[in-house]
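**Student:** Take the two lone chains and join them into the complex the hints point to.
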Amino acid sequence: MKMIHWEHIIEIGLKNAVMFSMLLILITINFSLTGNIAKKNEESQKVENNYKSTYGETTFYWMTEALKDQEYYNYMEGDSNGSSYKKMTDLLNELWNEKSFQFYTCNNQTLILKGKMKDIFLEGYEDGDFSDAVKTENGKDISMVKSVQVSSGFFDCNNIQINSGRAFSKEDYLYTEGKTIPVIMGKAYKDYYKIGDILDANFIMEDMKMEVVGFLEDKSFFLSYFENDFVSLERYILIPAWNFSDKSEFSKMATLTQLNGNIKANQGYEELSEQINNIVKKYNSKWQMNIEDPNSDSGTNVVKKYQKMTSQVSNQFNILVILIMIFIVISLVINIFSILEKYKYNFSVELLCGAGFWDIYKESMGFTISLILLGNLGSTLYLFINDSGKNSIILVDILSIVIVAIMAVASYIHIKRMNLGDIIGGEE
Amino acid sequence: MFLTLEEINVIYGKKEGRVHALKDLCLGIEEGEFVTIMGKSGCGKSTLLNVLGAIRKPTKGIYKFKGKDIGEMRDAGLAKFRNKNLGFVLQNFALLNDRSVYDNVSLPLKYMKTGAKEQRKRVGAILKEMDLLNKISKYPSELSGGQKQRVALARALVTKPKLLLADEPTGSLDEETGIQIMELLREINEEGTTIVMVTHDKEFANYGNHLITMKDGRIIKEE
Ligand SMILES: Nc1ncnc2c1ncn2[C@@H]1O[C@H](COP(=O)(O)OP(=O)(O)O)[C@@H](O)[C@H]1O
Ligand SMILES: [Mg+2]
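If you read the sequences in order, they're chains X and A.
Counting in the UniProt record's numbering, the final residue of the first sequence is number 428, and the numbers go up one at a time with none missing.
Counting in the UniProt record's numbering, the final residue of the second sequence is number 223, and the numbers go up one at a time with none missing.
Chain A with its partners taken away, still in its complex shape (with noise of 0.2 angstroms):
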C-alpha cells in the first residue's frame, strides 16, 4: 500500500465549540491511482486533505506513508517530508502575489537547498511543460485565472512529488480552463504522480479511478 489511514479522527477545538470533523476514518491509496473524494459541503474533505498532506496531525489514529509512520515525525521532519514528496494546488491558487511566476514555482526548491543552476533549470522545463515560459516574471495579478492554476500545478510538480493533493482545482475556474486543468492532471497521473482531488464536479470526478464519496467525517462509498 502506498498510504493507509486507520481510524482516522479530527477534532476541532475544544468543549461547546467541539467539531468532529473525521470519525474513524480509514483509507488506502495505492501507488499510480488517481482519487477523488465528492461530498457535501462540511463533511471532511479539506480535513482529510490536511491530514494527507501533514500539515493537521489528526487527534487520533494511524498515518503511514509508505510504511512510514507520520505521527511520529516532528516539525522539521514534517516541513522535509511535504517538502520531498507532497505537491498541493488549492481552489485559490495559494500564489504568493507579490512574487514573479519563477519565485513562486521556485519556493519548494529553496527548502530543498537546490543549487541555483539546478533551480533554474527544473523551473524552466516544468514551466515549459505548463507552457508558461512567457510568463516567468509576471506577477499572479497578470495572469488569467487558468494561468494561476497552471503556475500552482508547475510550483507543486516541480520537486517530483509522489503525492499531489489538490483541492476543488476547478472550483474558481470556467469550465473550459477547468477541463484543461483536469486534462493535465490525468497526464501528471498517467506519468505516475499519484493523485488525491477534492472536487464538487461529478464529470471531473470521474477523471479519477478511484472515487470516494464521504459524509460526515465518514467515507460512504468507495469505487
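One chain only, chain X, in its complex shape (with noise of 0.2 angstroms):
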C-alpha cells in the first residue's frame, strides 16, 4: 500500500491545531535563528580567514623613533650642513628597502581640515571624547581628523585595497613645497566627498592642499601601534610618506615621524632589535630606535588573540547548533509521541481495518515531515527577506533533513514498540 492518508495527516494537525501551530512556531524561530547565527559566524569566519590571510604566521613589531632629547635638537637645528637630515633619510629609506624584514611608516597623527567636519570623523568620537576635535581659529572652524601616514608596504601587509579611484603611484611619495598632496580615504567618507575633491589642510603645522584620489574598500583593517589592536580604517584618511626635495623644517619634521611604523618579521625579537640597532649605528651612533614585541605576552598579540576569539565564536555556534537540534527533537518527539499515544486506539482500529505498520509509520512521518517543511519555508522565507545568504538557508534544510532522519528512526522505533495488536483482549 503505497499512498499516504493525507486526509488522515490533515485530520490529526487540525484535531492539534494548538500543539500543530505552537510546534511550528518553535520550529521556525529555531530555524532563523540557527540561519542567523550562521551568518553570523560565517562572517566572523571570513574576518579570520582573512586575518589569517593578511597576517598569516608572521609577527610584528612595532617601531618608534627613540631619539634623546639633545640628539633631537642637534637633528633639527644642529647641523647647518644637513648632513644629520641627510642621514636620517638616508637610514628612512634604507629601512623601507630591506628584504629581511618588512618595515612599513604607519604613523596616526592628527591631521586639521578647515570647517565642521562631521562627528564620526572627528578624533575621539570612538572613545566619545571629541569635544576639543572643533575649534575656532581666527573666525573660522577648524576640525580635527583621524589620519594615517603610510608608506607602500602598508597597503601589502595590510592586504588593503582600493574601492574606487587609484592608489598612490610612485609620484604621490615624493615632496615638494606647495605640492597639492593626494589622500586616500575611508569608506565612510564616500558619503560626502567625491574623487577630485580638494581640502584645506594643516599636517604637522604645515598647510597644504590635499585632493582626494581614491575610497578604500569596505572591511579594511591595519594594525594600529596607538590601539595595539586592528583598526577599521572607515573613517581614516590615508596619507602617503614623502621623500623630500627640501630641507624645510617640516621635512625634518615629518622624516622623522616617518620612522614610526609597524616591522613584519619571521625572525625573533633579538635578532631583529639587533639588526636595525646595526643599520641605525651606521648612520649615527647615538641614534636610537625603539623596538616592541607586542607578542611578549600572548595576550596583546592581536593576531593570536583574534584567531582564539573567532575560533571559539565558531565552536561556540556548533554547540548551538546542536543544542537547537536536540531541542526541536525533544519538543517533536515529546508532542509527536503523545499523539501517537492519542491515537493508538485509532491505529489499532486502523490495522485490524487493513493498514500495515508502514501506513501508520507513513501518517505519524507525514505529521513530522509537514511541521519540518512548514518550519523550514518560514525560516527560508525569512532569511531570504534578510538577506541572510545561501549557506544559512542550506544549513537549514541539512538540520531539517538531520531532523527528520532522526525522527524516522525514533519514530519507528516507538510505532514498532507501541502494540498495537493488543487491541484484541486487551480488555480483560
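Check before you lean on any hint, since a few could be wrong.
Claimed, not checked - Below, computed lysine-lysine pairings styled on BS3-like, alpha-carbon distance capped at 25 angstroms:
no.: 1; chain 1: X; residue 1: Lys344; chain 2: A; residue 2: Lys138
no.: 2; chain 1: X; residue 1: Lys344; chain 2: A; residue 2: Lys110
no.: 3; chain 1: X; residue 1: Lys219; chain 2: X; residue 2: Lys390
no.: 4; chain 1: A; residue 1: Lys121; chain 2: X; residue 2: Lys15
no.: 5; chain 1: A; residue 1: Lys117; chain 2: X; residue 2: Lys344
no.: 6; chain 1: A; residue 1: Lys110; chain 2: X; residue 2: Lys342
no.: 7; chain 1: A; residue 1: Lys80; chain 2: A; residue 2: Lys160
no.: 8; chain 1: A; residue 1: Lys160; chain 2: A; residue 2: Lys121
no.: 9; chain 1: A; residue 1: Lys23; chain 2: A; residue 2: Lys64
no.: 10; chain 1: X; residue 1: Lys416; chain 2: A; residue 2: Lys60
no.: 11; chain 1: A; residue 1: Lys80; chain 2: X; residue 2: Lys344
no.: 12; chain 1: A; residue 1: Lys117; chain 2: A; residue 2: Lys60
no.: 13; chain 1: X; residue 1: Lys194; chain 2: X; residue 2: Lys118
no.: 14; chain 1: X; residue 1: Lys40; chain 2: X; residue 2: Lys390
no.: 15; chain 1: A; residue 1: Lys84; chain 2: X; residue 2: Lys416
no.: 16; chain 1: X; residue 1: Lys416; chain 2: A; residue 2: Lys57
no.: 17; chain 1: A; residue 1: Lys162; chain 2: A; residue 2: Lys128
no.: 18; chain 1: A; residue 1: Lys40; chain 2: A; residue 2: Lys60
no.: 19; chain 1: A; residue 1: Lys162; chain 2: A; residue 2: Lys80
no.: 20; chain 1: A; residue 1: Lys113; chain 2: X; residue 2: Lys344
no.: 21; chain 1: A; residue 1: Lys138; chain 2: X; residue 2: Lys342
no.: 22; chain 1: X; residue 1: Lys416; chain 2: A; residue 2: Lys117
no.: 23; chain 1: A; residue 1: Lys23; chain 2: X; residue 2: Lys344
no.: 24; chain 1: X; residue 1: Lys114; chain 2: X; residue 2: Lys140
no.: 25; chain 1: A; residue 1: Lys121; chain 2: A; residue 2: Lys84
no.: 26; chain 1: A; residue 1: Lys14; chain 2: X; residue 2: Lys344
no.: 27; chain 1: X; residue 1: Lys87; chain 2: X; residue 2: Lys252
no.: 28; chain 1: X; residue 1: Lys416; chain 2: A; residue 2: Lys110
no.: 29; chain 1: X; residue 1: Lys416; chain 2: A; residue 2: Lys80
no.: 30; chain 1: A; residue 1: Lys160; chain 2: X; residue 2: Lys15
no.: 31; chain 1: A; residue 1: Lys121; chain 2: A; residue 2: Lys110
no.: 32; chain 1: X; residue 1: Lys416; chain 2: A; residue 2: Lys14
no.: 33; chain 1: X; residue 1: Lys187; chain 2: X; residue 2: Lys209
no.: 34; chain 1: A; residue 1: Lys68; chain 2: A; residue 2: Lys23
no.: 35; chain 1: A; residue 1: Lys80; chain 2: A; residue 2: Lys68
no.: 36; chain 1: X; residue 1: Lys190; chain 2: X; residue 2: Lys118
no.: 37; chain 1: A; residue 1: Lys128; chain 2: A; residue 2: Lys160
Claimed, not checked - Distance ranges between label pairs, derived from CB positions:
no.: 38; chain 1: A; residue 1: Val19; chain 2: X; residue 2: Met19; range: 32 to 38 angstroms
no.: 39; chain 1: X; residue 1: Glu341; chain 2: A; residue 2: Val19; range: 19 to 25 angstroms
no.: 40; chain 1: A; residue 1: Glu190; chain 2: X; residue 2: Met19; range: 45 to 51 angstroms
Since the hints were made in silico from the structure, they are not lab data.
We put the beta carbon where it would ideally sit given N, CA and C, even for glycine.
**Tutor:** Next up, the structure:
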C-alpha cells in the first residue's frame, strides 16, 4: 500500500491545531535563529580567514623613533650643512627597502581640516570624547580628523584594497613644497566627498592642499600601534609617507615621524633589534629606535587574540546548532509521541481494517515532515528577506534533513513498540 | 483444509515476565465452519485470534491459510492479507469514535483503494443489510451497544471477507441484543463466511458447529 493518507494527517493536524501551531512556531523560530547565527559565524569566519591570509604566521613588531632630546635638537637645529637630515632620510630609505624584514611607515597623525566636519570623522569620536576636535581659529572652524601616514608596504602587509579611484603612485610618495597632496579616504567619507575634491589641510603644522584620489574597500583594517589592535580605516584619511626635495623644518620633522611604523619579520625579536640597531648605528651611533614586541605577552598579540576569539565563536556556534537540534528533536518526540499515544486506539482499529505498520508509520512521519517542511519554508523566507545568504539557508535545510532522519528512526522504534495488536483481548 | 495451525507457540515477554500463551497448539478449520472457542480467562483465546488474524506472528509454528504460509509474509503483505480476507468484531466494538458510521464502515475499502462510487454502493448495501441506513451520518457515541456492534459487523463484512474473527462480540451487550447479534452471525455464516468466535456464553457457543475448549494455552476439547 503505497499511498499516504493525507486526509488522516490533515485531520490529525486540525484536531491538534494548537500543538501543531506551537511546534511550527518553535521550529520556525529555531531554524531562523540557526540561519541567523550561521550568517554571523560565516562573517566572523571570513574575518578570521582574512586575518590569517593577511597576517599569516609572521610576527609584527612596532618601531618608534626614540632620539634623546639632545640628539633631536642636534638633528633639527644643530647641523647647518644638513648632513644629519641627509643621514636620517638615507636611514629611512634603507629601512623601507630592507629585504630581510619589512618595515612600513604607519604613523597615526592628527590632520586638521578647514571647516566643521561630521562628528564621526573627528578625533576621539570612537572614545566619545571629541568636544575639543572642532575649534575656531581666526573666526573660522577647523576640525581635527584621524589620519595615518603610510609608506607603500602598508597596503601589502594589511591587504588593503582600493574601492574606487586609485592607489598611491610612485609620484605621490615625493614631496615638493606647495604640491597638492593626494589622499585616500576610508569608506565612510564616500558619502560626503568625491574623487577630485580639494581639502584645505594642515599636517604637522604645515598648511597644504589635499586632493581626494581614492576610497578604500568597506572592511579595511590595519594594525595600529596606538591602539595595539586592528583598527578600521573606515573613518581615516591615508596620507603618503614622503621623500622630500627640500630640507625645511617640516621635512625634517616629517622624516622623523615617518620612522614610526610596523615591522613584519620572521626572525625573533632579539635578532631583529640587533639588526635594526646595526643599521641605525651606521648613520649615527647615538640614534636610537625603539622596537617593541607585542607578542611577548600572548594577551596582547592581536593576531593570536583574534584567532582565538573567532575559533571560540565557531565552537560556540557548533554547540548552539547541536543544542537547537536536540531541543527541536525533544520537542517533537514529546509532542508527536503523545499524539501517537492518543491515536494508538485509532491506529489499532486501522490495523484491523487492513492498514499495515508502514501506513501508520507514514501517517506519523507525514505529520512530522509537514511540520519541519513548513518550519523550513517559514525560516527560509525569513532568512531570504533578511539577506542571510545561501549558506544559512542550506544549513537550515541540512538541519531539517537531520531532524527528519532522527525522527524517522525514533518514530519507527516507537511505533514498533506500541503493540497495536493488543486491541484484541487487551481488555481482560 | 481452509486453514491450519501446526504446533503454534506464542510467548509474550522475556525472562521472568515470560508468558507462554499458546503451547504447541494444532487446529484445522474447514471452509464454512462456525467455530466457537470457550475457556477460562487468560487461557489464550484472544492470543489465538491474534494469530489467526495475522496480527501477531507466533513465536514458533506454522499458520497456513488456504495452503499459503502466512509466516512468510512481510508487513505490507500481511496488511493486504488482513484487508482482503479477514473481518474483525471485538467486544469493545473498536469503532473510531471521531468518525461517522459511514467513515467507519468504509475504512477497509480505503485501504483496498476502492473507487468512491463503488465505496458508496458497498457501504450502502451492507448498512441496509444491518438495518443501519438511517444512522449513516451518526457518530458511534450516538448509537446503542447493539447498533455499535452492527456497525462493527458492517465494517468487518464490507470487504466480503472469507473469515470473520469475533472476540466476545456479545460481551458488552445485554442478552436480548446479544441474541440479535448471534442471529446475524448465523445468517452471515449461512451465506458462506467462515466464523471463529470466542465467547464465555455456553448457549451462544452452541450456535457453532465446531466447538473448541481451551485451557492453559492448549485445546483440551474439540467437538
Ligand atoms: N501483549 C501481551 N503481553 C504479555 N502478556 C500477554 C499479552 N497478551 C496476553 N498476555 C497474557 O497471555 C495469556 C493469554 O492471554 P489471552 O490470550 O488474552 O487470554 P484470554 O483471551 O483467553 O483471556 C494471559 O496470561 C495474558 O496475561
Ligand atoms: Mg480475551
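**Student:** The structure should be examined with respect to each hint, and the outcome stated for every one.
**Tutor:** Hint-by-hint comparison with the structure:
1. For a cut-off of 25 angstroms, the pair hint linking Lys344 (chain X) to Lys138 (chain A) stands: about 23 angstroms separates their Cα positions.
2. For the suggested pair Lys344 (chain X) and Lys110 (chain A), the alpha carbons sit about 19 angstroms apart, so the restraint of at most 25 angstroms is met.
3. Distance check on the hinted pair: Lys219 (chain X) and Lys390 (chain X) sit about 21 angstroms apart at the alpha-carbon level, within 25 angstroms; holds.
4. For the hint linking Lys121 (chain A) to Lys15 (chain X), the alpha-carbon distance of about 29 angstroms lies beyond 25 angstroms, and the restraint is violated.
5. For the proposed pair Lys117 (chain A) and Lys344 (chain X), the alpha carbon gap of about 30 angstroms is over 25 angstroms, so the pair is violated.
6. As the CA atoms of Lys110 (chain A) and Lys342 (chain X) are separated by approximately 22 angstroms, the hinted pair is consistent with the 25 angstroms bound.
7. Pair hint Lys80 (chain A) plus Lys160 (chain A) holds up; C-alpha atoms about 14 angstroms apart against a cutoff of 25 angstroms.
8. A hinted pair counts as satisfied when its Cα atoms are at most 25 angstroms apart, and Lys160 (chain A) with Lys121 (chain A) qualifies at roughly 13 angstroms.
9. Among the hinted pairs, Lys23 (chain A) with Lys64 (chain A) is consistent with the structure: their alpha-carbon atoms are about 17 angstroms apart, no more than 25 angstroms.
10. Of the pairs offered as hints, the one joining Lys416 (chain X) and Lys60 (chain A) holds, with about 20 angstroms between alpha carbons and a cut-off of 25 angstroms not exceeded.
11. Between Lys80 (chain A) and Lys344 (chain X) the CA atoms are separated by roughly 20 angstroms; this keeps the pair inside 25 angstroms, and the hint holds.
12. For the given pair, Lys117 (chain A) sits about 43 angstroms from Lys60 (chain A) by alpha-carbon distance, which is inconsistent with the 25 angstroms threshold.
13. Distance check on the hinted pair: Lys194 (chain X) and Lys118 (chain X) sit about 16 angstroms apart at the alpha-carbon level, within 25 angstroms; holds.
14. Distance check on the hinted pair: Lys40 (chain X) and Lys390 (chain X) sit about 13 angstroms apart at the alpha-carbon level, within 25 angstroms; holds.
15. Of the supplied pair hints, the one linking Lys84 (chain A) and Lys416 (chain X) holds, its CA atoms being roughly 23 angstroms apart against a limit of 25 angstroms.
16. A C-alpha spacing of about 14 angstroms is found between Lys416 (chain X) and Lys57 (chain A), which places the hinted pair at or below 25 angstroms, so the restraint holds.
17. With a C-alpha separation of about 21 angstroms, the suggested pair Lys162 (chain A) and Lys128 (chain A) falls inside the 25 angstroms cut-off, and the hint holds.
18. Proposed proximity of Lys40 (chain A) and Lys60 (chain A) is supported: the alpha carbons are some 23 angstroms apart, at most 25 angstroms.
19. Straight-line distance between C-alpha atoms of Lys162 (chain A) and Lys80 (chain A) comes to about 13 angstroms, which keeps the hinted pair within the 25 angstroms bound.
20. For a cut-off of 25 angstroms, the pair hint linking Lys113 (chain A) to Lys344 (chain X) stands: about 23 angstroms separates their Cα positions.
21. Under the criterion of a C-alpha separation no larger than 25 angstroms, the hint pairing Lys138 (chain A) with Lys342 (chain X) is consistent with the structure, at around 22 angstroms.
22. With a CA separation close to 35 angstroms, the supplied pair Lys416 (chain X) and Lys117 (chain A) exceeds the 25 angstroms bound.
23. Of the supplied pair hints, the one linking Lys23 (chain A) and Lys344 (chain X) is violated, its CA atoms being roughly 29 angstroms apart against a limit of 25 angstroms.
24. As the CA atoms of Lys114 (chain X) and Lys140 (chain X) are separated by approximately 8 angstroms, the hinted pair is consistent with the 25 angstroms bound.
25. In summary, the hint linking Lys121 (chain A) to Lys84 (chain A) is supported, as the alpha carbons are separated by about 18 angstroms, within the 25 angstroms threshold.
26. Between Lys14 (chain A) and Lys344 (chain X) the CA atoms are separated by roughly 23 angstroms; this keeps the pair inside 25 angstroms, and the hint holds.
27. Simply put, Lys87 (chain X) and Lys252 (chain X) have alpha-carbon atoms about 11 angstroms apart, close enough for the 25 angstroms limit, and the pair holds.
28. A C-alpha spacing of about 23 angstroms is found between Lys416 (chain X) and Lys110 (chain A), which places the hinted pair at or below 25 angstroms, so the restraint holds.
29. Distance check on the hinted pair: Lys416 (chain X) and Lys80 (chain A) sit about 19 angstroms apart at the alpha-carbon level, within 25 angstroms; holds.
30. The suggested pairing of Lys160 (chain A) with Lys15 (chain X) is violated, with an alpha-carbon distance near 32 angstroms, which exceeds 25 angstroms.
31. The straight-line distance between the Cα atoms of Lys121 (chain A) and Lys110 (chain A) is roughly 13 angstroms, inside the 25 angstroms bound, and the hint therefore holds.
32. A threshold of 25 angstroms between alpha carbons decides the hint, and for Lys416 (chain X) with Lys14 (chain A) the separation of about 17 angstroms falls inside it, so the pair holds.
33. Under the criterion of a C-alpha separation no larger than 25 angstroms, the hint pairing Lys187 (chain X) with Lys209 (chain X) is consistent with the structure, at around 21 angstroms.
34. Between the alpha carbons of Lys68 (chain A) and Lys23 (chain A) the distance comes to roughly 22 angstroms, so the proposed pair stays at or under 25 angstroms and holds.
35. Our distance criterion of 25 angstroms between C-alpha atoms is met by Lys80 (chain A) and Lys68 (chain A), whose separation comes to about 14 angstroms.
36. Simply put, Lys190 (chain X) and Lys118 (chain X) have alpha-carbon atoms about 13 angstroms apart, close enough for the 25 angstroms limit, and the pair holds.
37. Note on Lys128 (chain A) and Lys160 (chain A): the hinted pairing holds, with a Cα-Cα distance of about 15 angstroms set against a maximum of 25 angstroms.
38. Val19 (chain A) and Met19 (chain X) have their C-beta atoms about 37 angstroms apart, which keeps the hinted 32 to 38 angstroms range intact.
39. Restraint check, Glu341 (chain X) to Val19 (chain A): a C-beta distance of roughly 24 angstroms satisfies the suggested window 19 to 25 angstroms.
40. Distance hint check for Glu190 (chain A) and Met19 (chain X): the Cβ-Cβ separation is about 49 angstroms, which falls inside the suggested range of 45 to 51 angstroms.
Going through the hint list in order, the structure does not satisfy hints 4, 5, 12, 22, 23, 30.
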